[in-house]
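**Student:** Sequence:
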Amino acid sequence: MPDRRDTTRRICSRPNRQRRAGSQRHHCRLDRFIRCRRSPFTLSQRLIVPVTTNAPKPTPNAVVNDSILPSTLGNSPIAPSPPTIVLLRFTGDDCPGLTASISERLHRFNCRVIDVNQAVIHRSLLLGMLVQIPGSEDPERLIRKMRRKSRKLGLKCKAKIVCDPDYDAWVDRQGKSRFILTLLSRSVTAEQFAAVSRLVSDQGLNIDVITRLSGRPKREPGDELTRACVEFSLRGDPTDVNALKASLLELSNRLNLDLAWQRDDAFRRNRRIVALDMDSTLLQAEVIDELAKEAGAGEKVSAITEAAMRGEIDFDESLRQRVQSLEGLPESVLPKVAERLQLTEGAERLLSNLRRFGYTTAILSGGFTYFGEHLQKLLGIDHVHANQLEIVDGKLTGRVLGPIVNAERKALLLEQLAANEGVDRKQMIAIGDGANDLPMLSRAGLGIAFHAKPIVRESAEHQMSTLGLDAVLYLLGVRDRDLVE
Numbered sequence: 001m002p003d004r005r006d007t008t009r010r011i012c013s014r015p016n017r018q019r020r021a022g023s024q025r026h027h028c029r030l031d032r033f034i035r036c037r038r039s040p041f042t043l044s045q046r047l048i049v050p051v052t053t054n055a056p057k058p059t060p061n062a063v064v065n066d067s068i069l070p071s072t073l074g075n076s077p078i079a080p081s082p083p084t085i086v087l088l089r090f091t092g093d094d095c096p097g098l099t100a101s102i103s104e105r106l107h108r109f110n111c112r113v114i115d116v117n118q119a120v121i122h123r124s125l126l127l128g129m130l131v132q133i134p135g136s137e138d139p140e141r142l143i144r145k146m147r148r149k150s151r152k153l154g155l156k157c158k159a160k161i162v163c164d165p166d167y168d169a170w171v172d173r174q175g176k177s178r179f180i181l182t183l184l185s186r187s188v189t190a191e192q193f194a195a196v197s198r199l200v201s202d203q204g205l206n207i208d209v210i211t212r213l214s215g216r217p218k219r220e221p222g223d224e225l226t227r228a229c230v231e232f233s234l235r236g237d238p239t240d241v242n243a244l245k246a247s248l249l250e251l252s253n254r255l256n257l258d259l260a261w262q263r264d265d266a267f268r269r270n271r272r273i274v275a276l277d278m279d280s281t282l283l284q285a286e287v288i289d290e291l292a293k294e295a296g297a298g299e300k301v302s303a304i305t306e307a308a309m310r311g312e313i314d315f316d317e318s319l320r321q322r323v324q325s326l327e328g329l330p331e332s333v334l335p336k337v338a339e340r341l342q343l344t345e346g347a348e349r350l351l352s353n354l355r356r357f358g359y360t361t362a363i364l365s366g367g368f369t370y371f372g373e374h375l376q377k378l379l380g381i382d383h384v385h386a387n388q389l390e391i392v393d394g395k396l397t398g399r400v401l402g403p404i405v406n407a408e409r410k411a412l413l414l415e416q417l418a419a420n421e422g423v424d425r426k427q428m429i430a431i432g433d434g435a436n437d438l439p440m441l442s443r444a445g446l447g448i449a450f451h452a453k454p455i456v457r458e459s460a461e462h463q464m465s466t467l468g469l470d471a472v473l474y475l476l477g478v479r480d481r482d483l484v485e
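Just so we're aligned, residue 1 is where the sequence shown starts under UniProt numbering, counting upward by one.
Hints are computed from structural coordinates only; laboratory data are not their basis.
Built from N, CA and C at the ideal position, the CB exists for glycine as well.
Straight-line C-alpha distance at most 25 Å; calculated DSS-like pairs for lysine-lysine:
id	residue 1	residue 2
1	149	160
2	395	336
3	293	453
4	300	453
5	145	156
6	245	426
7	426	176
8	145	158
9	176	245
10	293	395
11	145	160
12	336	300
13	377	336
14	453	245
15	395	300
16	293	336
Computed spacing ranges between beta-carbons, pair by pair:
id	residue 1	residue 2	range
17	202	148	39 to 47 Å
18	298	266	43 to 51 Å
19	243	128	28 to 36 Å
20	324	242	41 to 49 Å
21	201	119	19 to 27 Å
When you get a sec, could you build the whole thing from the sequences and use the hints?
**Tutor:** Written out as structure tokens, the structure reads:
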């Protein structure tokens, strides 16, 4: 005879247990449904009904309109939830359509994009978005959805809710001063990068953006001259401006690089005039030294030239002495010397792009008009101001005509040029290498001591000794991809 317990176990077998459990769940759901039907309000509606003795009693089985509930059931409506700000950061392998897919998902939450920054480094995406979602949306749900969407796109997503004090502090930082620090070198090393970023940090400045302006370098550059430029966008006020400038010069000398410090304002992006010295700036040589070689007085004149460029002797007197040594030199020597003069690295690239961008260009030189006009035709320069050699009967007399273009006259000519063009002096760029260029460099909005003598490097606002003349374009914020070769 079978045991009754065995029969009971068979009755309570798994299928029977499942049916019984299903029946219990059904009755529970039915019970909850009945309880909810006893009240004409949903749970959310019951939660927002104000507790007041003057509130009218709801009519049973009446249909309640959510949009009018606060005004009909109480004296003071419930304020909507404030919007929430969320910071989203996406990283991963780049491919077309990623930003569109992310933005489309954010659109479903009616997000407002407050700030955004995206960069791609060697096919790796770095995308940051600061978004605001309305109070009717759940920020935690947004974060979950964005992480899920990121996984489908092969990205990683980090997110956090930004509290009001942090956001207000971020907005307040807008009013701080902004600067641009440009790093120029043949190639940027980690040592250079570390030294510059540490200097910035020590001065209490914050790096907002770092941008590479130079083109992508080849793995094996070969014999060609390379150039590299990185631009730091900084925010804040230096703790000690004089110490900062001294440190920039010290780093430039020690690490074989150039560092240019500029205020990031509208004038930096709207320069209109570029004035250049000629000898040892546009040209690799000093023209008067080349003429002196033809007259057999090369060494004597070169020594005087060096002393004058260092500021050791009066420029006007040194020019008279040097020109006097050219007395009797045939006029036919001038084109011969002009043909062998070598342009400075980057001169053609600089001038062709300045002309393309609509800049006014000028030569302001203590050299001679014959050679300035030669360069004017060669490079398409707009204005030339230099000294005029006196020639009688086909020979040089050893004198110059008119006022000497010295340091003060260069500065005056620069101001006249600005007045004629109708531009502010802050929109002018001046480039030179000698002591007689210092007044001109100080009057311009951007004065650059180019491969200059020590006294000039120490006195000028900006120095450039590593790259060619075309590196001046980087100081204007121009990228290599925007230039013609």
